[in-house]
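Both chains are sitting in their own frames, so use the hints and assemble them into the complex.
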Amino acid sequence: MHKFRIKFAIRALLRNKVYTLLNVMGLAIGLGVCLIIFLYLQSELTYDTSIAGYDKIYRVSSVFTVDEQQEEYGGAGIGLAPLLQREFPFIEGATRFVHIDESVLFKRDGIQASDDYVALADHNYFKVFEIPFLAGNPATALDEPQSMVVTRSFAQKYFGDANPVGKLISTNNYEYTVTGLIDDFPANTHHSYSALILSFYRRDKAENWQNSLWQIEAHTFLKLSSAADAARLENDFGSFYQKYMAEAGQGLQADYLINLTPLDEVHFAEPVKFDRPAGNKGYLYAFGGIGLLILVLACINYINMATIRSLRRVKEAGMQKVLGAGKREIVYQVLIESFILASMALLVAMVMVELVLEFTPLNNIMGKDLTLNFMHNLTLWWLPLGLASLIAFLSGWFPALYLSKVPAMAGLKKGIIRQKGGLGVRKLLVGFQFTISVAVVITALLMYRQMEFVRSKDLGFNKEDVMLIPIRDTLTARTISGIRQKLAQSPYIKASSSAQAIPGKSVDRIVINVPGVKGTLSQQVVDFMMVGEDYFKTMEIEFVEGHTFSEQDEVSNTYPVIINEATVRMMGWKNPVGQKIEIVAPGQAENYMSEVIGVVKDFNAHSLHQDIEPTIITFQDEIAGYLHVRVDSKNLISALNDVEKTFAQLRPGVPFQFSFLNKDLMKLYEEEQRQSRLILFLTYLAIFISFLGLTGLASFTTNLKTQEVGIRKVLGAGRAQVVNLIFKEMLWLIVVSVALALPLAYWLTRAWLSNFAYTTELHPLVFVSSGLTAILLAYFIISYHSIKIARIKPVDTLKYE
Amino acid sequence: MIHLHHIVKTYRSSSVETQAVSEVSFSVKRGEFVSIMGPSGCGKTTLLNIIGLLDDYDSGLYIFDDTDVRTLSEKQRIKLRKANIGFVFQNFNLLDELSVFENIELPLAYQGVAVGERRKRVDRVLEQIGLGHRSKHFPYELSGGQQQRVAVGRAIVTNPRLILADEPTGNLDTQHGNEIMEMLSSLNDAGSTIVMVTHSVHDAAYTNRIVKLVDGQIVSEKELLHA
Numbered sequence: 001m002h003k004f005r006i007k008f009a010i011r012a013l014l015r016n017k018v019y020t021l022l023n024v025m026g027l028a029i030g031l032g033v034c035l036i037i038f039l040y041l042q043s044e045l046t047y048d049t050s051i052a053g054y055d056k057i058y059r060v061s062s063v064f065t066v067d068e069q070q071e072e073y074g075g076a077g078i079g080l081a082p083l084l085q086r087e088f089p090f091i092e093g094a095t096r097f098v099h100i101d102e103s104v105l106f107k108r109d110g111i112q113a114s115d116d117y118v119a120l121a122d123h124n125y126f127k128v129f130e131i132p133f134l135a136g137n138p139a140t141a142l143d144e145p146q147s148m149v150v151t152r153s154f155a156q157k158y159f160g161d162a163n164p165v166g167k168l169i170s171t172n173n174y175e176y177t178v179t180g181l182i183d184d185f186p187a188n189t190h191h192s193y194s195a196l197i198l199s200f201y202r203r204d205k206a207e208n209w210q211n212s213l214w215q216i217e218a219h220t221f222l223k224l225s226s227a228a229d230a231a232r233l234e235n236d237f238g239s240f241y242q243k244y245m246a247e248a249g250q251g252l253q254a255d256y257l258i259n260l261t262p263l264d265e266v267h268f269a270e271p272v273k274f275d276r277p278a279g280n281k282g283y284l285y286a287f288g289g290i291g292l293l294i295l296v297l298a299c300i301n302y303i304n305m306a307t308i309r310s311l312r313r314v315k316e317a318g319m320q321k322v323l324g325a326g327k328r329e330i331v332y333q334v335l336i337e338s339f340i341l342a343s344m345a346l347l348v349a350m351v352m353v354e355l356v357l358e359f360t361p362l363n364n365i366m367g368k369d370l371t372l373n374f375m376h377n378l379t380l381w382w383l384p385l386g387l388a389s390l391i392a393f394l395s396g397w398f399p400a401l402y403l404s405k406v407p408a409m410a411g412l413k414k415g416i417i418r419q420k421g422g423l424g425v426r427k428l429l430v431g432f433q434f435t436i437s438v439a440v441v442i443t444a445l446l447m448y449r450q451m452e453f454v455r456s457k458d459l460g461f462n463k464e465d466v467m468l469i470p471i472r473d474t475l476t477a478r479t480i481s482g483i484r485q486k487l488a489q490s491p492y493i494k495a496s497s498s499a500q501a502i503p504g505k506s507v508d509r510i511v512i513n514v515p516g517v518k519g520t521l522s523q524q525v526v527d528f529m530m531v532g533e534d535y536f537k538t539m540e541i542e543f544v545e546g547h548t549f550s551e552q553d554e555v556s557n558t559y560p561v562i563i564n565e566a567t568v569r570m571m572g573w574k575n576p577v578g579q580k581i582e583i584v585a586p587g588q589a590e591n592y593m594s595e596v597i598g599v600v601k602d603f604n605a606h607s608l609h610q611d612i613e614p615t616i617i618t619f620q621d622e623i624a625g626y627l628h629v630r631v632d633s634k635n636l637i638s639a640l641n642d643v644e645k646t647f648a649q650l651r652p653g654v655p656f657q658f659s660f661l662n663k664d665l666m667k668l669y670e671e672e673q674r675q676s677r678l679i680l681f682l683t684y685l686a687i688f689i690s691f692l693g694l695t696g697l698a699s700f701t702t703n704l705k706t707q708e709v710g711i712r713k714v715l716g717a718g719r720a721q722v723v724n725l726i727f728k729e730m731l732w733l734i735v736v737s738v739a740l741a742l743p744l745a746y747w748l749t750r751a752w753l754s755n756f757a758y759t760t761e762l763h764p765l766v767f768v769s770s771g772l773t774a775i776l777l778a779y780f781i782i783s784y785h786s787i788k789i790a791r792i793k794p795v796d797t798l799k800y801e
Numbered sequence: 001m002i003h004l005h006h007i008v009k010t011y012r013s014s015s016v017e018t019q020a021v022s023e024v025s026f027s028v029k030r031g032e033f034v035s036i037m038g039p040s041g042c043g044k045t046t047l048l049n050i051i052g053l054l055d056d057y058d059s060g061l062y063i064f065d066d067t068d069v070r071t072l073s074e075k076q077r078i079k080l081r082k083a084n085i086g087f088v089f090q091n092f093n094l095l096d097e098l099s100v101f102e103n104i105e106l107p108l109a110y111q112g113v114a115v116g117e118r119r120k121r122v123d124r125v126l127e128q129i130g131l132g133h134r135s136k137h138f139p140y141e142l143s144g145g146q147q148q149r150v151a152v153g154r155a156i157v158t159n160p161r162l163i164l165a166d167e168p169t170g171n172l173d174t175q176h177g178n179e180i181m182e183m184l185s186s187l188n189d190a191g192s193t194i195v196m197v198t199h200s201v202h203d204a205a206y207t208n209r210i211v212k213l214v215d216g217q218i219v220s221e222k223e224l225l226h227a
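Read top to bottom, the protein sequences are chains P and G. Count the first sequence with the working numbering and you get residues 1 to 801, in order. Count the second sequence with the working numbering and you get residues 1 to 227, in order.
Check each hint, because a few of them may be wrong.
[Stated by the list, open to error] Pairwise CB distance ranges (calculated):
hint	chain 1	residue 1	chain 2	residue 2	range
1	P	LEU45	G	ALA114	50 to 58 angstroms
2	G	GLU74	P	THR706	49 to 57 angstroms
3	P	THR706	G	SER220	39 to 47 angstroms
4	G	THR18	P	GLN721	30 to 38 angstroms
5	G	THR18	P	LEU14	39 to 47 angstroms
6	G	GLY130	P	THR706	37 to 45 angstroms
7	G	GLN217	P	LYS788	43 to 51 angstroms
8	G	GLN217	P	SER389	54 to 62 angstroms
9	P	LEU731	G	GLN217	45 to 53 angstroms
10	P	LYS3	G	GLU23	46 to 54 angstroms
11	G	GLU74	P	LYS3	25 to 33 angstroms
12	P	LYS3	G	GLY132	18 to 26 angstroms
13	G	ASN171	P	LEU731	38 to 46 angstroms
The hints are simulated quantities; they were obtained by calculation from the structure and are not laboratory data. Glycine included, C-beta positions come from ideal geometry on N, C-alpha and C.
Only chain G is shown next, with the shape it has when bound in the complex (with noise of 0.2 angstroms):
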């Protein structure tokens, strides 16, 4: 489903170039569960922008689903990732304006899906999150651990063929952090494709497979057997 060859992201400042992502080669299946693990600044999170088509790359070669992206204009990217990709995020990055519904309901207006279809799906995803009695309620009326499913319901609200997490558990408690990892680890049973990064060793445990990262290179890439 994803393939990147020899992709390369350099930052430059007056004076200093630096290489965040260098050189990185490899792929993603359909249907696996990928954790990308590494120290701070190795470019974790710029690979995965990357890979969610949020952030230019300078070389390389990057694959989505059979389409060389950098053909793509950037309207046809945004089409291509509102259609696809699902986001989850450290901080939750909910919208404190909208309720819990609206929030989860917001990509699928972005894709122009029809209203009567979009509260379908929305009470679809609040039962699966498991939070159908909140709907009403605004973000900041909600704990972590509850913004966080949110944040996930609105990751998976479009269908999207693949999820792409950014550290999801970094702000919340074990308990909560571990109802968020079951809860990816189900989607992931159920077919969704995942991309996480994280810090944990402990997340990383849920994974297929995990990849890590030391300055911008990969440096070891480990299968794991689940039971």
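Isolated chain P, as found in the complex (with noise of 0.2 angstroms):
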């Protein structure tokens, strides 16, 4: 009996192509969003836990404590690690660990690349990371100066295939002996280089820790046997803090404390500074969302074709039951043709998944590395399957028991049965759709116009045609102003100027004495950069008063600084120019006394989730940082070369890396983008659903009306009166159901735009331009389904016996 369904079901299938087409394809689609969806999240909350012995380490991070300000950092002095272990004995080990985020130049053999991902390391690293060895020997890997541990990819790139322990490579200024091989890091750690080279070595020799404990400088991770081990070092650091950090504590006016976060958590702890970009649990949840609807707007589709489709079989099943059928059999009949299409859209999703994995840039968007892997990762073996079971089941169970109520009787009429099958629970699922598609557009639209006003905003400075060069040793530091006098040769480039740092990126902060009411001091928190000549002029900085450095203000006693406007308001100043600020200065004698010399206008030294702060700069050129080159657009290419022959003149053999300030604006905003992309994408996916629903919910009910329609136009009616007919039965539920999603997408956006401190208007035009555009093309959809039946002839549909 059941190969006699089987084969009854697949014929079904097959008969009605393009309902088969349609149906699985709705269903694959929802099944691979949610597959894709399934995989990202599996990836973010095993975030870490690939790490061998990740669950016992801890991650110290710092919570200073200055004028009832707290500022939590993600790493700590480098000279508590060795203390913490010196102090507390049930520490099992305890590391300090860098990324260093800027390209490192390697040359070995006549093979010279650059590697983004170096990692600085003490020497008991491999005893807190218990990472497993391919080649070399982790117990003694960073036993000597000098020693380096490089993963597979890594040794690829300089070594081929050969064991590249005990081989040497080198940079411009040290070699380096690889002691010891590794396999990648996977995309999901926060814990990943591509190489380690031992550091802290010399000062590890030193042992004056005590000074280095305010200076926040490298990660410190502890191995502790127990969580209860955890609490009790947060516990007691108060006599930590008393022996060996209160004396300084009092001088600076500031506290300290340790936090230790499980390594596996430090992904979705609290952001802190220092740190990688954590994960976000609310985005999780929210793709977790998105993933689930459109699991759910596509089931809502499979239902309402497979009911559909039922109302055009009732006579079949009638059928069936005359010649003996129980309501179990039709049941059964339809439940299989469910489990057999759901089957179907299953394996188009698994090939579509590997698809998108493999040949689209997704994981590059989403910074992942997901695959189907079926041998490491079992969930994907019941976790598809039970959901395509559930999918059939459910869905199916709808029309089942629809057409098992059908009498036997059916299958003795002519013509179409009209069985009263819950329109209005089908107008209510296709309106629920419809809701949901329209608020995903209209927040994909809002997305897209913040990250265009996060490209155009006026920050201040202009950030066009500034080329920046990074400047990593001492060495060309003080070539800075030979080659800026080069440069100011070149009619290509209109100014140069160097910084330490530039605005988004490594900005400093400082403390400063601010004189209170009543002549009390309180300590502030402020921006602080250090800049070169011609700063302001190449960054087009205006300033509102003063002006900028000059080399009498060199001379003077006080260190010269400009101010922006919010350091003005902050200080409450009518005459800015000519006033002091004392800089703190822990561990030294005495604090900075500076005098204002400019103001400049306010610009975003930050990214625009951040507010403009107070912010201090001070001139100091010939430091390492970013020399910054404004060039001629129009003469990009004759400017870039300009540039790297004066480099390659002044500094030879230093790799020339360059980079553009608007470019790397753009990368403060990578996460948005990445998230308004994936909205995108989904929006098309939404779209494209309940188009279909849209579709099936119009054919359906004009299939309901045929006979109505022909009745009509006998009596009279034009094709206008028809189609005006069908469309005032959907319109009202067009209308709610945009009417609800203008909310919905409203409570989005604001959630999402709450990150950003500068924001685009949420302009009305937006939503009330979205929403027609949905009615419109809701009426285009029905109106075509409408003028079909509309141009039926009426003796066609009213053939009855």
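Listed below in structure tokens is the structure:
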């Protein structure tokens, strides 16, 4: 009997190829999106758990309290790890670790290539991180100075297939010995690098740790045998503070605490400073929710289309009953069809997911390395199958019950049997689809507008046409004025300068004393920048008052500083030029006294997620950081050539690297760009799916009305009236859906925009126009179906008996 | 075999009550070939559906083979129908997704007959209706007459004791109609009991007895004597 049913089901599906195709595609898309989102969630939720012994590793973060303001950093002073281990013997291991966020040039046997993911660690590193070695010995790998452990892909790049252990590789200044080979890290870890260089070696010999506790310099990881030990350490830290830090703390008027975060929780911990970008649980819920939504939208279509089809099959079901089929047989029949369809959809979904992950930039956009790996990901065996079965069952159940209730009599009547097939429910479902789709579309539009806003916002400086060249070593830094002199001769270069930091990246913070109302002093943390000659000219930052740094200022006793308007507002100065600012210098005998020589207009030294802070700028030429070159955009290539030539002349052998400021700035919004791209991708899907849904409902409604339309036409109704008849039935549904979608979109966008300090306006026009477009689109779909039925000759619809 | 006593069937809409069958009493003996005639809307089909256990009746007594149908549950009724009654319809009602062979096989499958046995019986029926060479074809590939022969084959494959035919020649031309009537006739000769609804006096002439129905009531019964 089952063979019979399966044969019957397959033939039925094949006979309705369009129906089957639409159904399979719709469901496959839903399943595919769900699968990808599942892989994404799985990757996020297992963050850092691929690292051996992760459950015993804790990251130390530093909490500073200055004048009742708390700031948390993901790192600590380099003295902390050895001192903690000395004080608290129950700590099994402690290590310091630093990512080098710039590229490093390595040379070997004529191969010269830079690598972006180099890290530094102390000799205890592999005692805390028990990463398995493919070659070499973890116990001794970091014993000798100039040791380096590399990953498989790093080794491939510089050593080919040969075993790199024991071989030499050099940078500009040093030569290293490879002492170990480890596997590449997966994408879902904070803790990844392509090469690890032993560091802190010389300083480890010095052992004056007490002076290295207040400056955040490295990540510190501890290995503890239990969570209880972590709590104990946090509690007992007070005694450590008293012993090693209290004295300096008093001088700084600051307090210091540590926080321990289990390694696998770092990703979702509250974001802190001095840390890699963290994950966001909110996004996880959002993506999970979107995945389920898309699946629900797809299932709604599936149910609707199956029901529409069952309407055409009422007679068939009745006939089967006449021939002896019971309710159960009919239910089986429909469910088997449903299962076959779902299996086909699952197969298509798997292929789609594989293709999407393999051949589209989706993985890149998400910053992941997702694959359908059935060998290592056992969940992939049961989850998709379970999901597909569940969908087959749930969405087959409704039409199955509907058909099984058809009386045997139905088989004897001629023409379409009209049963009340829950049109109300179906309308509700399609309305829901429509609401979601319209909301998603509006949200995507507004996200896009915000990204445009970010791209085009006036930041207070001109971010276009500024070339940045990293200056990494002091030797190059000392040639800056020489380089700038040569550059000034090029007709394609408008201005150049140097600065220790660039906006949005590594802008420092310092503490200043601010005079209070009654002569009291309070401390304030402000932004701090060190810039070279012509900085304001190069960046096109405007002055409100005073002037830029000049040679006269340098000979005076006070440090000349330039401040921004935010600082003036904070200080409450009427005449800022000439005012004094006291900069707190921790560990120094005296604070610096500086004098304001100029005020510049506010500019965004950070990403647009943050407000403009009070900023103090001092003069410091020839410092490692970035050379800023304003080029003539019309002669970009010539300008580039001139800069490169100048570098080759003055710093031969140093790799020439550059980037553009506007592009670097957009990197600050990578996460948001990623989200807006993902949302856009989902928008296409949602539109497609609800288009299917609306088509289904329109054809369903017209089907039901075929006879009515025939009668109306006999009585003299024109085509327009017929179209209106159908449209009236669905108009309220569309309008209500859109009306519900607008506040939903508003709420979604507001939540997303709350990450930004500067946002585009949520213009009502966007909402109104999107809503109207959606209604118009729906109108066309419905019209198409209505016209189809309006064209039918009335005699054809009235043929009864 | 069939005894109907004062059977009443009323269709109700919100304001109107229509008695499709009112106080009908008649019997069919084993081996009879009875035709029910009457104008459109006289209740012929309703009566046939009641006899075929496809429809309920409001009052009266219907005894099928010594069983009071009213005392049966839905399941028992389906079982009784599966085992004893075969149907032939005006518009054939073959299932498009199934081949000729499978259409005829379906009632046996619902009865739970084993595959080997099914094959044997379907082959026998195919020969009987003269469509052995068409067994793999699908209904839409056949002429109307051939489709109706498949429908007859499907009705008789379970060896039902009663065949109900609702205007079996209604959609056929005279020649194919005659073929079907000959077929029913020979089934009757072989012992099948047949009740047929028809408009056609010509078709009714093949039967043993004509029951005339007007407005839900029997107005006459006429025995036909065949030479």
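Structure-based check of all given hints:
1. P:LEU45 to G:ALA114: 50 to 58 angstroms: holds (53 angstroms)
2. G:GLU74 to P:THR706: 49 to 57 angstroms: violated (33 angstroms)
3. P:THR706 to G:SER220: 39 to 47 angstroms: holds (41 angstroms)
4. G:THR18 to P:GLN721: 30 to 38 angstroms: holds (33 angstroms)
5. G:THR18 to P:LEU14: 39 to 47 angstroms: holds (43 angstroms)
6. G:GLY130 to P:THR706: 37 to 45 angstroms: holds (39 angstroms)
7. G:GLN217 to P:LYS788: 43 to 51 angstroms: Roughly 46 angstroms apart at Cβ, these two residues keep to the hinted range, so it holds.
8. G:GLN217 to P:SER389: 54 to 62 angstroms: holds (56 angstroms)
9. P:LEU731 to G:GLN217: 45 to 53 angstroms: holds (51 angstroms)
10. P:LYS3 to G:GLU23: 46 to 54 angstroms: 48 angstroms Cβ-Cβ, so the 46 to 54 angstroms window holds.
11. G:GLU74 to P:LYS3: 25 to 33 angstroms: At 27 angstroms between Cβs, range holds.
12. P:LYS3 to G:GLY132: 18 to 26 angstroms: holds (23 angstroms)
13. G:ASN171 to P:LEU731: 38 to 46 angstroms: Given about 42 angstroms between the Cβ atoms, the range holds.
Hint 2 from the earlier list is the only one contradicted by this structure; the remaining hints agree with it.
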